[in-house]
Amino acid sequence: MRKILALLGVLALVSLGALAQEYKVVPFGEGDWANLTVGKYGGYLVVGTWNNPKTFNHHIAQETSSTDITSQLHAGLTEVNPITDKVEPALAKSWEISEDGLTITFHLRQGLQWSDGEPFTADDVVFTFNGVIFNEDVRTDYRDVLMVEGQLPTCEKVDDYTVKFTLAAPFRPFLRQIGGAIYPAHKLKNLSRVYNPDADPEALNSVWGVDTPPEEIVGMGPFRLKEFIPDQLVVLERNPYYWKVDPQGNRLPYLDGIKFVIVGGADAEMLKFRNGELDVYAPRPEDLSTLIAEAEQKGFEVRIDPTKPMFGTTWIVFNQDCPNEKLKEYFRMVEFRRAMAHLVDKQSIIDNVYLGLAVPQWSPVSILSPFYAPEVVAKYEYDPDAAAQLLDQIGLVDQNGDGWRDLPDGTTFEFELNTNVGNTVREQICQIFADDCAKVGIKVNFNPINFNALVTKLLGSEYEAVLLGLTGSSEPNSGANVYRSCGGLHFWRYSECENPRPFQQRIDELYDLGVKTYDFDEAYQYYAEFQKLFSENVDLIFTVNMVFRYALYKNLKNTAEFSPLAQALGFSEYLWKENPNMVGNRVVG
Amino acid sequence: MRKALGVLLVLLLAAPAFATMSAARLEEIATKDVIPEIQMAAGLALVDYYAANKTETELKELATGGATEAIRTAATLALSRVWIGKDLEYRDLIELVNDPGQPAALRAAAVDALLEFLIEKKDSTLETIYTLGRTAEMRYAGAKAYFFKNRSKFKLADLEAICLDDTNPDGYRKAAAELLAGNYLFPPTTAKSQGELEDQALNGKNEYLRYAASQALFTLVVQSDLSEVDLLKKVTSFYLNEAFTEEYKDAYIRALAARWAAGL
Numbered sequence: 000m001r002k003i004l005a006l007l008g009v010l011a012l013v014s015l016g017a018l019a020q021e022y023k024v025v026p027f028g029e030g031d032w033a034n035l036t037v038g039k040y041g042g043y044l045v046v047g048t049w050n051n052p053k054t055f056n057h058h059i060a061q062e063t064s065s066t067d068i069t070s071q072l073h074a075g076l077t078e079v080n081p082i083t084d085k086v087e088p089a090l091a092k093s094w095e096i097s098e099d100g101l102t103i104t105f106h107l108r109q110g111l112q113w114s115d116g117e118p119f120t121a122d123d124v125v126f127t128f129n130g131v132i133f134n135e136d137v138r139t140d141y142r143d144v145l146m147v148e149g150q151l152p153t154c155e156k157v158d159d160y161t162v163k164f165t166l167a168a169p170f171r172p173f174l175r176q177i178g179g180a181i182y183p184a185h186k187l188k189n190l191s192r193v194y195n196p197d198a199d200p201e202a203l204n205s206v207w208g209v210d211t212p213p214e215e216i217v218g219m220g221p222f223r224l225k226e227f228i229p230d231q232l233v234v235l236e237r238n239p240y241y242w243k244v245d246p247q248g249n250r251l252p253y254l255d256g257i258k259f260v261i262v263g264g265a266d267a268e269m270l271k272f273r274n275g276e277l278d279v280y281a282p283r284p285e286d287l288s289t290l291i292a293e294a295e296q297k298g299f300e301v302r303i304d305p306t307k308p309m310f311g312t313t314w315i316v317f318n319q320d321c322p323n324e325k326l327k328e329y330f331r332m333v334e335f336r337r338a339m340a341h342l343v344d345k346q347s348i349i350d351n352v353y354l355g356l357a358v359p360q361w362s363p364v365s366i367l368s369p370f371y372a373p374e375v376v377a378k379y380e381y382d383p384d385a386a387a388q389l390l391d392q393i394g395l396v397d398q399n400g401d402g403w404r405d406l407p408d409g410t411t412f413e414f415e416l417n418t419n420v421g422n423t424v425r426e427q428i429c430q431i432f433a434d435d436c437a438k439v440g441i442k443v444n445f446n447p448i449n450f451n452a453l454v455t456k457l458l459g460s461e462y463e464a465v466l467l468g469l470t471g472s473s474e475p476n477s478g479a480n481v482y483r484s485c486g487g488l489h490f491w492r493y494s495e496c497e498n499p500r501p502f503q504q505r506i507d508e509l510y511d512l513g514v515k516t517y518d519f520d521e522a523y524q525y526y527a528e529f530q531k532l533f534s535e536n537v538d539l540i541f542t543v544n545m546v547f548r549y550a551l552y553k554n555l556k557n558t559a560e561f562s563p564l565a566q567a568l569g570f571s572e573y574l575w576k577e578n579p580n581m582v583g584n585r586v587v588g
Numbered sequence: 000m001r002k003a004l005g006v007l008l009v010l011l012l013a014a015p016a017f018a019t020m021s022a023a024r025l026e027e028i029a030t031k032d033v034i035p036e037i038q039m040a041a042g043l044a045l046v047d048y049y050a051a052n053k054t055e056t057e058l059k060e061l062a063t064g065g066a067t068e069a070i071r072t073a074a075t076l077a078l079s080r081v082w083i084g085k086d087l088e089y090r091d092l093i094e095l096v097n098d099p100g101q102p103a104a105l106r107a108a109a110v111d112a113l114l115e116f117l118i119e120k121k122d123s124t125l126e127t128i129y130t131l132g133r134t135a136e137m138r139y140a141g142a143k144a145y146f147f148k149n150r151s152k153f154k155l156a157d158l159e160a161i162c163l164d165d166t167n168p169d170g171y172r173k174a175a176a177e178l179l180a181g182n183y184l185f186p187p188t189t190a191k192s193q194g195e196l197e198d199q200a201l202n203g204k205n206e207y208l209r210y211a212a213s214q215a216l217f218t219l220v221v222q223s224d225l226s227e228v229d230l231l232k233k234v235t236s237f238y239l240n241e242a243f244t245e246e247y248k249d250a251y252i253r254a255l256a257a258r259w260a261a262g263l
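Protein chains in written order, with numbering that gives the first Met the number 0: chain C, 0 to 588; chain F, 0 to 263.
A couple of the hints might just be wrong.
Claimed, not checked - Some but not every residue of chain C turned toward chain F, in silico, with C-beta under 8 Å:
1. 37
2. 275
3. 285
4. 296
Unchecked claim - Here are the simulated DSSO-like cross-link-like pairs (lysine-lysine), alpha carbons at most 30 Å apart as the crow flies:
5. 556(C) / 243(C)
6. 442(C) / 148(F)
7. 121(F) / 156(C)
Claimed, not checked - From the derived model, a few chain F residues whose C-beta atoms are all more than 12 Å from chain C:
8. 64
9. 68
10. 89
11. 90
12. 192
Honestly, the hints are just simulated from the structure, not real lab data.
No experiment lies behind these values; they were computed from the predicted model shown.
The beta carbon of each residue, even a glycine, is placed where N, CA and C say it ideally should be.
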């Protein structure tokens, strides 16, 4: 009897504890979530990644090899629904916006806990913004997307579960942009000079490096770091304190964790997927015929949606701050960049590299964005003759008859083009571009290099030309860190932060205007002008955009809504496995 | 009369299996059914089960000494599954696959695990392997890795030409045929219809072209609305019927196996 009473007592306590926590209930089977079902616990999602993470510090990370992992560890005040692309409550359960649009008050969920069990309160939110994001010591691009009229919002605590942001001007995408990772004050506050004048200014940049003990990295995301073995594996495990539940009250996520297998390249990743060692894979065009032929036999499916281009962009960039002064002079000439744009044979790339599963990209705004304005963007179509004419105009001519155009001093005009080694799609695009350049006498030395080394070169302005990609979203302001003159990823001309070109000044203005209006049509006009200016000046030469395609083993559930927006990791807390002991088509435990 | 008897026996063995298909029942069919094609379908349906439930030692024993070809094939494929990702050493795999003294079933089972190493090799190394490998499995593994690395360089016509060229090594042609099979299904603009694939699996100019068609045909058959019963009837009709090629039969046998495996 005592035992029964004790048990009842425990149950009551647990029950009360659960009531005290304001979980977010995800209504599977209803509305936006109609195609998702209540799952069962267990198993690991195993995905491939090509490179080691460079950091576990989400706000410092600038490369997907890091952010694919760190984004699973953290949560924000708001989040974007992976199905609808709409902003929804997350750590904040609700908010109020003042009539003038300048004050936004967030009401936080109560009773939530960090992944180490400590309570989550308004202090964490205030610390994250005032102590980390708005702290100039911290090298984060996140500040770029929160800026309006050159000013950041202010953030203050109202009470333990209420925070208030005050803006310098109305900020249309504020609710979308404010959803960045909230950091734990109890772990990091002492490292911020805002709160501790004796702190090292570098402390918040270097904290949570890849050698950090996993238990030190604390977040509000669905998973927490369990193990990192360089060149082999990153293992995330379920955050036992996660704050979302399914309609039956089961705490998410369903999976025990996620394993990121560091595979080194696309071929190895593809083979591991075919061999049933990975659960999901985003195939390259060249993979599709092989995968489609094997899908039924091996128990996976291949999804292709030709109507949905991906959100990101792929581009060729010339370094306008190039250490080679002679090259820099030409890279800064818009005629040179337009000539190069005329040498990107998009149709050939679509036909030969993407097997028809891609569309031309002309704009810095994602094709799926409602702000995409194809009618105004300048299109420098493939035209070697036009390219040759432009090159002649700027004095790049073949002086010695060897077939290569020369600099005025008679030396051959040539540049190195880098992309990340192992990305065979990018390597093929580079090769097509280099071949077309050769046709008009431009010598391109193509040299694929390691991804992390490439990112270091790009961000350090130590490159000549690069072909790479950027992630994207439906909101143009998410690209503020790229397209604003002082943006952290303005990698083609960091120097113009001090002295922007006139069109770039206008782009900076347009970015302000675009966020200050709540009128969609007005915002559209600003972003259309931005797209026109940017495309005319071709600081980035966009190539093509592949359509959505994904391969996944059928054992993985709640995948019906995979899309260009979220792919697999955007659904990580909802995914579950029919047989939790299977990875791919293999039983592993 | 013999054919009719075969049909009857198959129905006796297999029909009850519809209601309560189990691994034990599949093993019984794979071992005792009088029709080899039905045996093979049952064996292939057991691959996942074997991979999940048999030890490596058991699989090795079954792969080399199983009662029927169907059981040996099932165990070989299951062993292949088990060896993938098992952190086997490159040297051990090479020594196994390239040693004519090792059982062919074990050499075959090691090919996929070996591939994970071979795709890191230079094309020239792979060319040497697929040309001079000491065993058919080694030559096939080298070719498979070569085509995997270079698959975007070969168009459908190139692959058909490789399959038809008698001077090419055997493994090279087989690996080319497997890549060709995918080209018969994608992209949609050039994909072959089920009828075209059936025709090629029956009447293709050589076994490699028939094999390519068979691989692609299997996908379409599995995706079709043919029921387990339809497929069983079809496979049963292969018994002692010389109108069908091995490649054509294989597509339907594997499709039946897929249906049975799904019911496990």
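Holds or violated: is there a CB of chain F closer than 8 Å to the CB of residue 275(C)? holds, 7 Å
Would the stated hint for residue 285(C) survive a check requiring a Cβ distance to chain F of less than 8 Å? At 4 Å from the nearest chain F Cβ, residue 285(C) passes the 8 Å test, so the hint holds.
Given as non-interface: residue 192(F), which should sit over 12 Å from chain C by C-beta: holds, 15 Å
Taking only the CA atoms, is the gap from residue 442(C) to residue 148(F) under or equal to 30 Å? holds, 27 Å
Are all C-beta atoms of chain C more than 12 Å from that of residue 64(F)? holds, 24 Å
Residue 296(C) as an interface hint toward chain F, with CB separation required under 8 Å: holds, 7 Å
Quick one, is the residue 37(C) hint okay against chain F at 8 Å, beta carbons? With a closest approach of 23 Å, the residue 37(C) hint is violated.
Does the alpha-carbon distance linking residue 556(C) and residue 243(C) stay inside the 30 Å limit? Status holds; Cα separation ~18 Å.
If you draw a straight line from the CA of residue 121(F) to the CA of residue 156(C), is it 30 Å or shorter? violated, 61 Å
Grab the minimum beta-carbon distance between residue 68(F) and chain C and tell me whether it stays above 12 Å. holds, 19 Å
Per the stated criterion, does the least C-beta distance between residue 90(F) and chain C lie above 12 Å, as a non-interface residue requires? At about 19 Å from chain C, residue 90(F) clears the 12 Å cut-off, so the statement holds.
Compute the least Cβ-Cβ separation between residue 89(F) and chain C, then decide whether it is above 12 Å. holds, 14 Å
In summary, the numbered hints that this structure violates are 1, 7.
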